[in-house]
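S.K.: Next come the chains, spelled out residue by residue.
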Amino acid sequence: DAGVIQSPRHEVTEMGQEVTLRCKPISGHDYLFWYRQTMMRGLELLIYFNNNVPIDDSGMPEDRFSAKMPNASFSTLKIQPSEPRDSAVYFCASSFGRASGDNFGSGTRLTVV
Amino acid sequence: AQSVTQLGSHVSVSEGALVLLRCNYSSSVPPYLFWYVQYPNQGLQLLLKYTTGATLVKGINGFEAEFKKSETSFHLTKPSAHMSDAAEYFCAVSVVTSGSRLTFGEGTQLTVNP
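Protein sequences, first through last, are from chains C and U. Just so we're aligned: 11 in this note's numbering is position 11 of the first sequence, and the numbers increase by one with no gaps anywhere. Just so we're aligned: 78 in this note's numbering is position 78 of the second sequence, and the numbers increase by one with no gaps anywhere.
Be aware that one or more of the hints could be misleading.
[Unchecked claim] Interface residues of chain U toward chain C, partial, derived using beta-carbon atoms under 7 Å:
(1) 39
(2) 60
(3) 63
(4) 68
(5) 104
(6) 106
Hint data in this document are derived by calculation from the structure and do not stem from the laboratory. The beta-carbon is built from N, C-alpha and C at its ideal position, and this holds for glycine as well.
In isolation and in its complexed conformation, chain U is listed as follows:
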């Protein structure tokens, strides 16, 4: 079975600083990987995804993530944090052999300080 580990349940950065949210996955077959963002009292919104092809994927709001098979990682980055980036971020994995259901990490709450 696949799994996802998000390192750090809370991350705090200053406005303008680099955002780095860590995600490691476990899967015995090639995975699909996703990052979602959840703002208060809202549903999850897809930020970006990796399925096949280019390992560096760009998403909305200036975020990007790089699939590193050797490290089983899919870390989310943004060069310069904005106050509006404050939210909870979820990494998720799916594999065809599990019926392609998404398995979510526990989430990372991002705080952006002025």
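Same shape as in the complex, but just chain C:
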């Protein structure tokens, strides 16, 4: 099992540019989560999907953020336009059911300059 795969590992972009983060969950998992981690705010849940359907997006900071899950094996998190305060590590995680715990990817470190 390859685990949750995120790309890119690192992204440096200029303010105002569009950024797209990608995630491939573990095969067979029915939940997918996007988290953001910063020193100031810790680990925050942005949005999660169940069977490809967004369930709770209350953590998405503002309309500049959007997430999609077109199929069970792929999800994207898009920021447009990006701002320096979006700089953080973004994690994708997946799980089968909710009692097993979330399996995290290695994260994408985003720097917006």
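For chain C, the structure is supplied; the task is to place chain U on it using the hints.
M.R.: Then chain U, alone, in the frame of chain C:
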């Protein structure tokens, strides 16, 4: 809504000493409880979990935790610390009524001194 409090943002122990990381939770319904470890520049890795049944749960790397409902606690322990245990540790809770989303504590940075 559920919540988690990790007591002590930094814990320092000597190699070979007992590791005790504290976690208290708040939930109006039976919770699922988890401990995760995060090494530098890596994602979170599940150490152990409590869902139902035996209240003492054993995880990877020699860690264990005990669910104490009366104390609303889920403290993480390891009898003898190794240098490789130095990392950040997160306690998390989820309940079915909140859609089973994980709520994380703020984390405890564990330092192991030689």
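S.K.: Work down the list of hints and note, for each, if the structure agrees.
M.R.: Now for the hints, and whether the structure bears them out:
The restraint placing residue 39 (chain U) at the interface with chain C is violated, with a minimum CB-CB distance near 11 Å, outside the 7 Å limit. For residue 60 (chain U), the interface hint is violated, the least distance from its beta-carbon to any beta-carbon of chain C being 12 Å, above 7 Å. Interface hint at residue 63 (chain U): violated, since its Cβ lies 14 Å from the closest Cβ of chain C, which is beyond the 7 Å cut-off. Hint status for residue 68 (chain U): violated, given a least beta-carbon distance of 20 Å to chain C, over 7 Å.
Interface restraint check: residue 104 (chain U) against chain C, minimum CB-CB distance 5 Å, threshold 7 Å, status holds. Taken as an interface hint, residue 106 (chain U) checks out: its beta carbon lies about 5 Å from the nearest beta carbon of chain C, inside 7 Å.
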